[in-house]
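Enquirer: Based on the sequences and whatever the hints tell you, model everything.
Below, each chain spelled out in residue letters.
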Amino acid sequence: MLSLIVFLPLAAALALLALPRLGDTAARWAWVAVAAADLALVVAAWLRYETPTAGRLAFEEQAEWIPGVNSSYHLGVDGLSLPLIAMTAVIFLACAIFALRETDRPRLQAALFLFLQSVSMGLFVAADLILFFVFFDLSIVGMYFVIAGWGHGNAARSAMKFFLYTFLGSLALLVGFIGLYIAADPHTFDMVELAEQTPFAGSSLAGGLVLAAILIGLAVKTPTVPFHTWLPPAHTDAPAIGSAVLAGVLLKMGTYGFVRIAMPMLPEAWRDWAWVIIVVGIVSVVYGALVALAQTNFKRMVAYTSVNHMGYIVLAVGAAGLVADDTAQARSVAVTGGVTQMVSHGLITGALFLLAGVLQDRAATYDMDSYGGLAGPAPRFAAFFAVGAFASLGLPGLSGFIAEFQIFTGSIAAAPVTAIALVGILLTAALFLRALQRIFTGETRGRSVGFTDLRAAEVWSVGPLLVLSLLIGVFPRPLLAVIEPAAEVAVELVGR
Amino acid sequence: MGSEMAMRPLLLLPEIVVFLGGLTVLVSGSFLPRTRQWVTRVIAAVALVAAAILAAVDLPGPAQPAMEGTFTVDTATGVARIVAAVGTLIVLALASDEIAGSPRESETYALFLFSTTGTLVLAGADDLLVVVVGFLLASIPLYGLIGIARTPRGAEAAMKTYLLGALFGILLLLGVTLLYGVSATTSYADLTDRLAEAPQGVVAASVVAVLGGLMFKAGGVPGHFWVPDAAEGAGGAVAAFLTTVPKIGAMVAAYRLIAMLPDTLAWPLLVAVLAVASMTLGNFAAYWQSDPRRLLGWSTVSQVGYLLVPVAVAGRSDLALPALLLYLAGYTVTNLAAFAVTTAFPDRRDLDSYRGMGRARPWLGASLVVALLGLVGTPPTVVFAGKLTTTAAAWDGGLAWLAVLVFVNTVVSLFYYLRWIAPVYGRGEPPARTLPGAFVPRAWSATTAVVTSALSLVLGIGAGVLWSVFSI
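Same order as they appear, the protein sequences are chains A and B. Just so you know, the first sequence maps onto residues 1 to 496 in our numbering. Just so you know, the second sequence maps onto residues 1 to 472 in our numbering.
Possibly wrong hints are sitting among the right ones.
[Claimed, not checked] Only part of the chain B face toward chain A is listed, based on derived beta-carbon distances under 7 Å:
1) Thr378
2) Pro380
3) Ala392
4) Trp395
5) Thr410
6) Val411
7) Gly464
[Claimed, not checked] Here are the simulated distance ranges between beta carbons:
8) B:Pro103 <-> A:Leu4: 54 to 62 Å
9) A:Gly202 <-> B:Gly462: 31 to 39 Å
10) B:Asp352 <-> A:Asp369: 50 to 58 Å
Don't read these hints as lab results, they were simulated from the structure. Note that beta-carbon positions come from the ideal geometry of N, C-alpha and C, so glycine has one too.
Expert: The structure is reproduced here in structure tokens:
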């Protein structure tokens, strides 16, 4: 089941490459069909999903891979990963639909994104550190070609910067993984076994160093301050669907690593360094929001709000390390909020970046001051944009609220000082309202003149993302029911 | 007379087959007309395939001493035989475009085979004098091969290689002589105990000299000066050969040497320092190279650094030997894939001249990406598995800092490999550059590039199988 979900897109990508006679239109629709099929498989998996017992995974698959170093092809899902693979499938389908009008080498683009989809799915279901790393690294390679091949502006430079930064991070991660492997007895890369063993129990110096390597690797990918500098140029110069995948899916690889690898495998070190993680989270929240506030380029602004939104997740997982007897409930709420935020941010930012792609497509600029009164000629665009902006700033009734509310409830209960990060919400509210005002209100002027409203493909790609955000916002139970047990397990593991 | 004292020449059958193959090529080449020299290529290929098959048949068996205990046939020898034979076979495929019909065709093939024999002798040597024989047999044909290009650059490179080879050869002999002087033996079996009681200063100096000779052969610091010049000045197939095949023998020989030494001195540290120097110097020197072959030449210097990592923990971690063999096999396939792309377009001697190649020739572009990212160590290529296991071995053997430095260097290296990939997929190229007609590759090289890069991926995914073979 999981192997099929992971490798179906890759197989389709190879088929697309092997059939050069296939026309562009056929290639684009084939991409949509495969992405839809993959989503259907994920939905089927979700319907059959039953919460596994603590320390186990659902739909497990395991086969020998490199037995010499105890690394196996091991897949499985639980409440931390299932929502993320569902979100991934949704975002990639949205991108496939959005790209229906693409004219620049659509067959290659479809193959590249299908490859990226396989890689992303693989990462979230991997239960072996080397398998995880393989997918982690390949996501960087895939995204490099997306930015370099279909980007605009200074794409080559941004792609290079993206590659160098995130590759550096991935190697730090690999150092940490090897450290875990060496410390485990017997040596293994299996995530389930490592979480059971906690290899560095009792050696705080070595455990701290290994945690540092893993944290740096994940922090670059997430990205948190001060490792975020690759993100704004990469986003600004990437194509719309590239940005949607980068922000919606790839950034989650970092935060997912926190809850899947760092917390359960290095609980002692995690507790020792919880405050450092919390501080990094708070700084990311406030700094990301402040810098976003200063942007005049809409896409850069959304990119910086990603730093801010990822900061909430870092804050939540940091707070989960503040172990005290009476806070288990609160910390579990924080982790639940963190995972919900991963899903919510994926949907919302995916939608916002696709909308930014519409700006680029129609008027070739992201500069907010070049627009004005856009609500007049493009009412649907304005409506979608408004929903996306409100979801992003955490308005109740949308998914961002559910996530941030839980993060703050949990974190503040565990450590009241984290309330400082609430400033971030205020700032994002201000900056999104200001963006709305700049672009959409007033007299129609500048690039807004003659701006055509959303086309069908754009409506059908952005719309479902916003509807899902709304659904999670008003009816979060089914999602939370999946996440909560896993969050409780994660909090329990880190408390060992 | 025990079994160690027997000659048992049949155990050396693969070496004998390759050497006789070289002789046959040499003799029959002088009788064949210019238009039928391809026959010698077939003979060479048959000899290599036969050697690889013979080695594969021997591989599962237990370790056996041959030639009165001066040569060992074990897993390491077996793997080195197969990898070197297959590597030379791939080089022959590259050479088909370049050398076919050239005045020195059969001589080139013969020299390839002799040098390969030298590499095989080095890989199995269990005696310092056999190391010397292997060194000379592997080196001397190389001088001829580099100079065969008959260009001013080729002549300069041949001269440089020859002078350095002479120097390091003398150094090697000096080291061997001193070790013999303090231990009265050249056999590894006896050296371990006798060196423990020998004056440590002499032992240290002579081991450094022997290692220096092997580093010349492998192309690592401090014997690396000839590599970039030879890679640039020699013909494409020769460049591919000399940056790949001699390493196989030299690295296995270095491993055996370090594993044999007694614990009286800090050998791991010495090798680790050489490893760091090689990888760092190679990487930084590769930074601003604009000739792809010269870039690959420096890259190969840095790869010797990674290969030295498991050597540094020889005998201290169970992972070390299989990791070394895995990395050697992976490096051979991947490096040859990168060279195959350069020999597919022999006239494009500037990174920028590859601009637009990715769109004009998607398969070759993909091969180059796989090969270069493979050299970086990106999964799922086989070099990733090699890098993973070598660093795990270093960490396991108590050199965690070396593992970290490997990764730091990997990041450093990424930049120059990307400098080549970037123009290949450059955007906004004029149609003239992106049409297939702008890039007409040589047929054999193009096929070889695609096959070897695919092999690099397949071996990476199947690394578990290789590992289980290598750790018999």
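Enquirer: Does alanine 392 of chain B pass the interface hint, meaning its C-beta sits closer than 7 Å to a C-beta of chain A?
Expert: Interface hint status for alanine 392 of chain B: holds (5 Å vs cutoff 7 Å).
Enquirer: Less than 7 Å between beta-carbons is the criterion; does threonine 378 of chain B satisfy it with respect to chain A?
Expert: The hint holds - threonine 378 of chain B has a Cβ within 7 Å of chain A, the shortest such distance being about 5 Å.
Enquirer: Should the interface hint for tryptophan 395 of chain B be scored as holding, given a Cβ-Cβ cut-off of 7 Å against chain A?
Expert: holds, 5 Å
Enquirer: If I claimed the Cβ atoms of aspartate 352 of chain B and aspartate 369 of chain A lie 50 to 58 Å apart, would that claim hold in this structure?
Expert: Hint violated: Cβ distance 39 Å, outside 50 to 58 Å.
Enquirer: Take the shortest C-beta to C-beta distance between valine 411 of chain B and chain A; is it under 7 Å?
Expert: Where the cut-off is 7 Å and the nearest Cβ of chain A is about 5 Å from valine 411 of chain B, the hint holds.
Enquirer: Return holds or violated for the Cβ distance of proline 103 of chain B and leucine 4 of chain A against the range 54 to 62 Å.
Expert: Holds: the Cβ-Cβ distance is about 58 Å, inside 54 to 62 Å.
Enquirer: For the hint on glycine 464 of chain B, just tell me whether its beta-carbon gets within less than 7 Å of chain A.
Expert: holds, 4 Å
Enquirer: Would the hint on proline 380 of chain B be counted as holding, given a Cβ-Cβ threshold of 7 Å to chain A?
Expert: holds, 5 Å
Enquirer: Per the CB criterion, is threonine 410 of chain B less than 7 Å away from chain A?
Expert: Check passed: Cβ of threonine 410 of chain B comes within 6 Å of chain A, closer than 7 Å.
Enquirer: Would you say the C-beta atoms of glycine 202 of chain A and glycine 462 of chain B sit inside 31 to 39 Å of each other?
Expert: holds, 38 Å
Against the hints set out earlier in the document, a violation occurs for number 10 only.
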